[in-house]
Amino acid sequence: MQKLPDNFETYDETRKAGFMKVKELKDNGKRVIGTFCSYVPCEIIYAADAVPCGLCASSEEPIPAAESVLPRNLCPLIKASYGFALTDKCPYFYYSDLIVGETTCDGKKKMFELLNEIKETYVLKLPNSRDYPGALKEWRSEIIRFKEKLEDFYGITITEDKIREAIRMKNKEREIMTEYLSLGKLYPAAISGYEMGTRTDAAGFSFDIEERCRTFAARTEELKKYWEENIKGTESYRPRLMVTGCPNMGVRDKIVKAVEELGADCVVIDTCNGIRTQIDKVDETGDVYDALAKKYLNVTCSVMSPNKPRFEEMGRLIDDFRVDGVIEVILQACHTFNIEAYNVKRYVTEEKGLPYLGLETDYSQADKGQIATRLGAFLEMLG
Amino acid sequence: MQKLPDNFETYDEARQRGFLALKELKDKGQRVVGIFCSYVPTELIYAAGAIPVGLCANSEEPIPAGETRLPRNLCPLIKASYGFALTEKCPYFYFSDLVVGETTCDGKKKMFELMNEIKETFVMSLPNSREPREAAVAAWRSEIIRLKEKLEDFYHITITEDQIREAIRLKNRERVAFQTYLELGKLDPPALSGYEMGTKTDASAFTFDINDRIRSFEERTREVLHYWETERKGKTSDRPRIMVTGCPNGGVRDKLLKTIEELGGDIVLIDTCGGIRTQMQKVEETGDVYTALAEKYIDITCSVMSPNAPRFEMMGKLMDEFQVDGVVEVILQACHTFNVEAYNVKRYVTEQKGVPYLGLETDYSQADKGQIATRLGAFLEMLS
Amino acid sequence: MMYYTGIDIGSTAAKIAVLDETGAAIDRFVIPTGWSSRMAAKHIAELLENKGIYVQDTEEHEKNTLVVSTGYGREAVEFADKQVTEITCHAKGAQLLFQKEKAVSVIDVGGQDTKVILVENGLVSDFLMNDKCAAGTGKFIEVMANRLNVDIEEMFELAKAGEPIPISALCTVFAESEVISYIAEGRSREDIASGVIASVANKVATMCKRQRLAEKIVLTGGLSSNSYFAALLSDRLGQPVENSSEGRYAGALGAAMTAKKLGERRSRQRAQVQ
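Protein sequence lines correspond, in order, to chains A, B and C. Under my numbering, the residue at position 148 of the first sequence is numbered 149, and the numbers go up by one with no gaps. Under my numbering, the residue at position 346 of the second sequence is numbered 349, and the numbers go up by one with no gaps. Under my numbering, the residue at position 265 of the third sequence is numbered 247, and the numbers go up by one with no gaps.
Everything labelled a hint here was simulated from the structure, so no lab data went into it. These figures come from a predicted structure and were not determined experimentally. Hints are supplied without guarantee of correctness; some may be wrong.
Stated by the list, open to error - Result set (EDC-like, lysine to aspartate or glutamate): computed pairs, CA atoms no more than 20 Å apart in a straight line:
#: 1; chain 1: C; residue 1: K121; chain 2: C; residue 2: D108
#: 2; chain 1: B; residue 1: K372; chain 2: C; residue 2: E158
#: 3; chain 1: A; residue 1: K309; chain 2: B; residue 2: E27
#: 4; chain 1: C; residue 1: K191; chain 2: A; residue 2: E61
#: 5; chain 1: B; residue 1: K92; chain 2: B; residue 2: E27
As the list claims (entries may be wrong) - If we take Cβ atoms under 10 Å as the criterion, some of the chain B residues that face chain C in the derived model are:
#: 6; residue: Y346
#: 7; residue: Y351
#: 8; residue: T353
#: 9; residue: L379
#: 10; residue: A381
#: 11; residue: M385
Just so it is clear, CB atoms sit at the ideal spot from N, CA and C, and this is done for glycine as well.
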């Protein structure tokens, strides 16, 4: 039997239910591994018969607790995630057997050192660049070391067959997700950006990958049918937007929901929790580690320097989704996205000839009014 | 307060003088390579017959220009350095044939992409961790070889291992001279101010002949020792002995280091990348040159490395040797790695070493001068 | 008779405390700082003179007090014999006010700066101060009170009656626009005031948690007589936070104690010379 946190009784009902749900899984012997980033090859985790669980926090609530240890001037996602860990308030962290971090950005890299004091945190050493000769080889070795870590941790053997099976399963999921997220291509839009984001993130907490696939496939069918019957052929004056930049689940209401309420459609979400990690599949033939290394090194986060593939992919998405304007979300103190924003703006406005709006924000509601004003003005600009 | 030498040159004066000297050298065909970080193995640059010049900016002046393209919420050193490059106001950047960057922190890593548009910037991919050691050293070794090949290609030259070994010997000699000078801080009562240590170390980068540099440090060391023997030895001092750690502090030296010493503390030790910690470890002079360089440089104790236990070991050792009474850590605004690591530094200093600690987050502006003086004042009052 | 005077010039108010030769506090008073610390210092000298305490030699009177100045405007007190930071003074004063506890954590919410000071055996062993911005300081409350068109005392009265609205901005300027948007939404002044005070308490509590806290926590400075604020802090810290009406004089008392120490040292030295 798994134990509950000491202050469990003080939690509200939703949180209590969350804890009970994960506890039940754990009581049934499920292995759970907490992750923070789309660079972590979750195929290895599935191959270890464990389920990966995303721990990136989107809530403002645990930030004050985190700030008793971490600097205030740091990304809210990092502070919130650490704050949850520190206060025992996230069931997924609480019941994770092991945490897997990665050296993506400075803030996370150093936060993991502190997190490791709360629960064992294994850190994958992601190269800083794809473009030097050793990058791919080093990343491949890291993935193998990660596999060995899990073997060691659980006292199991992870075979290549198991990994290949996980690759196929994840690829199938990626296809279904891509199809769902591609509904945004339809004209007029068949799905709201708010739904895409919310459902994708919520899926991270459903532990059954098969069930997840079924749900998304069904929803895609449903929306397609609705579009065919009710929307197809009608005219829409709502501008079609791309949302890019940092993971935006902590500011989804303030930005994505707000802009759709103001009269636009977010047709493509080009972030690590959006379509950009789904499109690229893992090669199913050949060496499994090579295949995983290739796929995951190509994730187009701004931590990579230089980061040309992000721009190529963004350009393709802008065309495919017939985007009218781009909104970039920068979480406070995220240096890599914040600096890269200069080039994103240049690319979007100069190469693609589209308007661009950059918004730097955090998880608080303080700038809600200000953001709404800027979003409104941006939409007015799009006509 | 310790007295400054009669011929004391401020950082700005040295920078000015260096500019003219460098122009003369350039006119004669001298190769110049700009660098930003103590992780870059300058031995290779010397072996290429070039002079490495540090481009880390200490001035507030170019920051508004830097902020036209970079976020405001970023380290002042990065914004200032980029601002200088953008406005062509730094002669050292201007005279550099090539800039060598490194993927140390997020801010620099991404800034180099933009800098590359102004002048070719070759970026070395530094591993994020020294662990596992073998993999980290191998990765860094191959990056060092890549830098060598880049320099060969860029200047159309061949760099031999003998040339590298020669440069290693020369740099090691320089490290000894620097270290001996900086170890004067161990004297009790102190005979050398921290303000001088910092200024002289940084300003020495503008003396381009390494042998001149070595001579100058040796000379000053003799002078200070003599002064200590004749005037200070055997006297008592109730000024607390301070160690300064954290980010490079060249841009806040007046606001912080000078103020500490004016308020009655003695800075005996500067444990930053511009201080003693990079001088202590030498490069192995025998065996494979690339492995030797990789081993030395991967062990630099900057907070970008995760985890960073060697920093704490080194800090503890230095605190004992220099009989430190209090530690002041300087965090430049938005430097996440030092800022997050500060939590452990405070714990280490206060709990393991039982010494008071003061953390100060600041930038190059004068806006917080009064507030910082208050904190430093209170800290010194606490120590006395 | 020799007096020992402590003058604590803050950004809003100047506090003065006087000790006699036995170390007993014989007088204390407060005046608004006004726009110039220098003018305030002059005014203080006059007020002291009316009480028979002379900070400088004049034609009719001999200087009969040692003066230690502290606080944001400490340098403006030209007649001070010594200047000491408010951190050290608050620590000393708190020790005097709250009696020789072995260790005490002092929270001083000032006009410009907020400090959390750990005092052990009468000495400061650690302290933290807010960074450049005014969040979590008295200034923050003042700006918001202006926005709601009330004074600071009324602000607290409103806050007590309200349900706190989350004010999350870290910066006074942004928080002000947050408050403006709440006003525009028609939220009640009570709720907004309550939110403002709660946000200051949250910020101060977060600062406290960055430091080891003593079992005894006391509130000094301008908010020290405010038991509502002390209760909010107690709630956030899970530990009682004591307050007293005398707390605002902690800095001045600490400065006066330092003056007394200075006097003792001077007479010792004089004795040695003789």
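**OP:** Would you pick out the hints that fail for this structure and give their numbers low to high?
**Re:** The structure conflicts with hints 1, 2, 3, 7, although it agrees with all the remaining ones.
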